[in-house]
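S.K.: Chains as they are written, first to last, in our numbering: chain A, 1 to 322; chain B, 323 to 712.
It is worth saying that the hints were derived from the structure and are not from the lab. Check each hint, because a few of them may be wrong.
What the hints assert, rightly or not - Short derived list, chain B residues pointing at chain A, Cβ under 10 Å:
| id | residue |
| --- | --- |
| 1 | ALA341 |
| 2 | ASN539 |
| 3 | ALA541 |
| 4 | GLU626 |
| 5 | LEU631 |
| 6 | GLY662 |
| 7 | ASP664 |
| 8 | SER703 |
Stated by the list, open to error - Cut-off 30 Å, straight-line C-alpha distance, at most; resulting in silico cross-link-like pairs (DSSO-like, lysine-lysine):
| id | chain 1 | residue 1 | chain 2 | residue 2 |
| --- | --- | --- | --- | --- |
| 9 | B | LYS589 | B | LYS427 |
| 10 | A | LYS98 | A | LYS181 |
| 11 | B | LYS435 | A | LYS18 |
| 12 | B | LYS427 | A | LYS197 |
| 13 | B | LYS435 | A | LYS197 |
| 14 | A | LYS43 | B | LYS556 |
Please read these numbers as outputs of a predicted model, since none were measured by experiment. We put the CB at the ideal spot given by N, CA and C, even for glycine.
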Amino acid sequence: MARGDLITGNIWEEYSQKVIDRMSNPRFLGEFSEVDAKERKAKLIVADFGSEACGDAVRLYWLVDPKTDKILDARFKSFGCGTAIASSDVMAELTIGKTVDEAMKITNLDVERALRDNPNKPAFPPQKMHCSVMAYDVIVEAASKYKGMNPKSIKNSEIVCECARVTRKEIEDIIKEHNVKTVEELQKYTDAGTYCKSCVRPGGHEERSVYLVDIIEETNKKIKQGEILSKIVTNVFDDMTLLNKIKSIEKVLKEKVSYILEADGGSVELVDVKEVEDNEVEVLIEYKGACSTCNAAVLTLYMIEETLKKELETDKIRVVQV
Amino acid sequence: MEVYLDNNSTTPMDEEVRAIYHEHEKFYGNVNSIYQKGIKTRKLLIDAYDVMYPAIGAKDEDDIIITSSTTEGNNTVIKTFLYNFLHGSEKKHITTTVAEHSSIKAPCAFVKKFGMEVTYLYTNENGRIDTQELEDSIREDTALISVLFASNESGAIQPIKEIGETAKKYGIPFHCDGAQAISKAKVNVADLGVDYFTFSAHKFHGPKGVGGLYVRNGAPFVPLIHGGNQMGGKRGGSINTAGIVAMAKAMELANKNLEKMFYEVSKLRDKLEQEILKIPDTRSYVDKKYRLPNTVIASFRGIEGEAMLWELNQVGIYAATGSSCSSERLKGSEVLEALGEDPEIAHTGIIFSLSRFTTEKEIDYVIERLPRIVRKLRDISMTYAKVKSG
Chain A
1 MARGDLITGN IWEEYSQKVI DRMSNPRFLG EFSEVDAKER KAKLIVADFG SEACGDAVRL
61 YWLVDPKTDK ILDARFKSFG CGTAIASSDV MAELTIGKTV DEAMKITNLD VERALRDNPN
121 KPAFPPQKMH CSVMAYDVIV EAASKYKGMN PKSIKNSEIV CECARVTRKE IEDIIKEHNV
181 KTVEELQKYT DAGTYCKSCV RPGGHEERSV YLVDIIEETN KKIKQGEILS KIVTNVFDDM
241 TLLNKIKSIE KVLKEKVSYI LEADGGSVEL VDVKEVEDNE VEVLIEYKGA CSTCNAAVLT
301 LYMIEETLKK ELETDKIRVV QV
Chain B
323 MEVYLDNNST TPMDEEVRAI YHEHEKFYGN VNSIYQKGIK TRKLLIDAYD VMYPAIGAKD
383 EDDIIITSST TEGNNTVIKT FLYNFLHGSE KKHITTTVAE HSSIKAPCAF VKKFGMEVTY
443 LYTNENGRID TQELEDSIRE DTALISVLFA SNESGAIQPI KEIGETAKKY GIPFHCDGAQ
503 AISKAKVNVA DLGVDYFTFS AHKFHGPKGV GGLYVRNGAP FVPLIHGGNQ MGGKRGGSIN
563 TAGIVAMAKA MELANKNLEK MFYEVSKLRD KLEQEILKIP DTRSYVDKKY RLPNTVIASF
623 RGIEGEAMLW ELNQVGIYAA TGSSCSSERL KGSEVLEALG EDPEIAHTGI IFSLSRFTTE
683 KEIDYVIERL PRIVRKLRDI SMTYAKVKSG
């Protein structure tokens, strides 16, 4: 909270002049028909995105030159608020003259930036970005129609930040590479979460399925688990987890010790394994059968300890009889 | 031309009220001071109360505590039961409705954090709750029933009198948020059977920053604002003399103009509504017999609400949207959906609320402009074209 938050902002006051101009007098409002397409020897593409139920929807019309893939002209229609109209208008304009592949690189942030009066001041308040700027999505719809592809195959990666179009993988890679622990650190390397901030953490303007704070936490957890995992697969006994130490000890007892004792009518049972000081492991065993009354039990104990040390390549084992 | 049709959110001050307000700003004497200046102020307040008590049908043994707003009054009532609960009362349940203003919903959400429980009753296609459902929601530990008089958005009026009878039957205190009542309905707290009733002067052509909280004699009460012995110790803070005197005047004028509201303003409202319905693919909501006489709530298929507000604003017409984009949370469209409308239409709602100062000329101006704006916006609209062709 601060002085600036005490008086509720007015969203209309935060619209740039360009937004106001475009919403009142859109330049590329309209539609194309097959007749228009034929006249200009172009392919007509009509694509929709959004729905009335969500409160915003847009339809994009393209005339594309099939020889060069160039978008010769564009028009739009829209169900939505003023910013939806203004951003659709600029979006249509930005695609004209580009190839379909080039057009697909246009992000919502590009549209918003094109509507700024002052390069450092957003064209409209952040909460408007998601409800009304559908540029990228409708362009992808149109492009996939042109290419005869499934739009989902184009949008295959999970986008976390819709404004700057940053994928989850890109974010995870940054976290791993730079050992990122906070959103502030993350934003040194990416634009993710810098505009409308909805994707930073829950409670923003728009509800998201995944947030940057979660990705940072999950990725760090994974990194940590990865460390543990590498410990499990290690074959250096001293670096193993207790569970794996126990498993290894059991294995040696079964394979290298039991048959010797069995020959004398006895056996040994593992009672417990404790980690004591200095990473040393105390192995508690109990003799069964003939061994329990054998005079050579101490020697046997020594034999077991030496076998374990030899097999597990460690000197950090002490065998104790219960 | 400027046409202000958002009177359910706030109203312009009546010129007569404004004159009285300004005139009384010079009475700076503190009512608690014993010298002459205080005595003069005291007299003014007594006169104001002489107007306000009969204006809402309060009895002398009841309180009308002056507050800053309906919001303050609503908070005072809800939190009275929170304090009681925190002091060991078994009563921890509040029954209210989904149609409430945030000044009820937010304190209800607040008291839940302390372990109280809240039931929100749903409304029907006329925006009204079912009194049987209300009765069914009552529990052994119900501390309070709180139902608004009417919605600022849908204009739907709740069956307050019936609710009052139910509350009485079970001996449960009943609070009514009356922000939309005064000037649009005859208010008599005894007839309505309410224990608490809140209002704000700015909703009936009085000044902002002053309102009232009626508390029936004997109803539980804990102050929200502790301070001096103003309002009998029930609400601290220096008395807003000019505001109170102006509010009393505004109340008097509101009651005096009730006939005008019922017969003239409602007729203008009907005219506007009829003309809206002449535009293809429009609808209005809430049966008139259950609706505030000054309110039209309508949908315009294919036109998103904020886009409509913008175009209306461009020609000097100020209305409200019950839908999404203008609100921070973007959750909107809830009003029309609550009235049973399809999600596709829910974002196209516009609310026009008139006042006794709305003229026929103004309504004619709106009627003249509206179809043009609708045509322009439907031209932009892809979905309207789809509706027509589909």
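S.K.: Using the nearest Cβ pair, does B/ALA341 come within less than 10 Å of chain A?
M.R.: With Cβ-Cβ at 29 Å, over 10 Å, it is violated.
S.K.: Between B/LYS589 and B/LYS427, is the straight-line Cα distance small enough, at 30 Å or below?
M.R.: It is violated: about 33 Å lies between the C-alpha atoms, which goes past 30 Å.
S.K.: Would the hint on B/ASN539 be counted as holding, given a Cβ-Cβ threshold of 10 Å to chain A?
M.R.: Because about 38 Å separates B/ASN539 from the closest Cβ in chain A, which is outside the 10 Å limit, the hint is violated.
S.K.: Is B/LYS435 within 30 Å of A/LYS18, Cα to Cα?
M.R.: Outside the cut-off at roughly 45 Å; violated.
S.K.: Given the hinted pair B/LYS427 and A/LYS197, is their Cα-Cα distance within 30 Å?
M.R.: 27 Å, holds
S.K.: Closer than 10 Å between Cβ atoms is the bar; does B/ALA541 clear it against chain A? Give me holds or violated.
M.R.: Hint violated; B/ALA541 Cβ to chain A Cβ min 34 Å, cut 10 Å.
S.K.: Within a Cα-Cα threshold of 30 Å, do A/LYS98 and A/LYS181 meet the stated pairing?
M.R.: 40 Å, violated
S.K.: Would you mind confirming whether the straight-line C-alpha gap from B/LYS435 to A/LYS197 stays at or under 30 Å?
M.R.: Holds, because 27 Å separates the two Cα atoms, which is no more than 30 Å.
S.K.: Closer than 10 Å between Cβ atoms is the bar; does B/SER703 clear it against chain A? Give me holds or violated.
M.R.: With a minimum Cβ separation of about 5 Å from chain A (threshold 10 Å), the hint on B/SER703 holds.
S.K.: Quick check on B/ASP664 please, does its C-beta sit within 10 Å of some C-beta on chain A?
M.R.: 8 Å, holds
S.K.: The hint names B/GLU626 as touching chain A; please verify it with the least Cβ-Cβ distance against 10 Å.
M.R.: 5 Å, holds
S.K.: Next item in the hint list is B/LEU631. Is there a CB on chain A closer than 10 Å to its CB?
M.R.: 9 Å, holds
The structure does not agree with the numbered hints 1, 2, 3, 6, 9, 10, 11, 14 stated previously, though it agrees with the rest.
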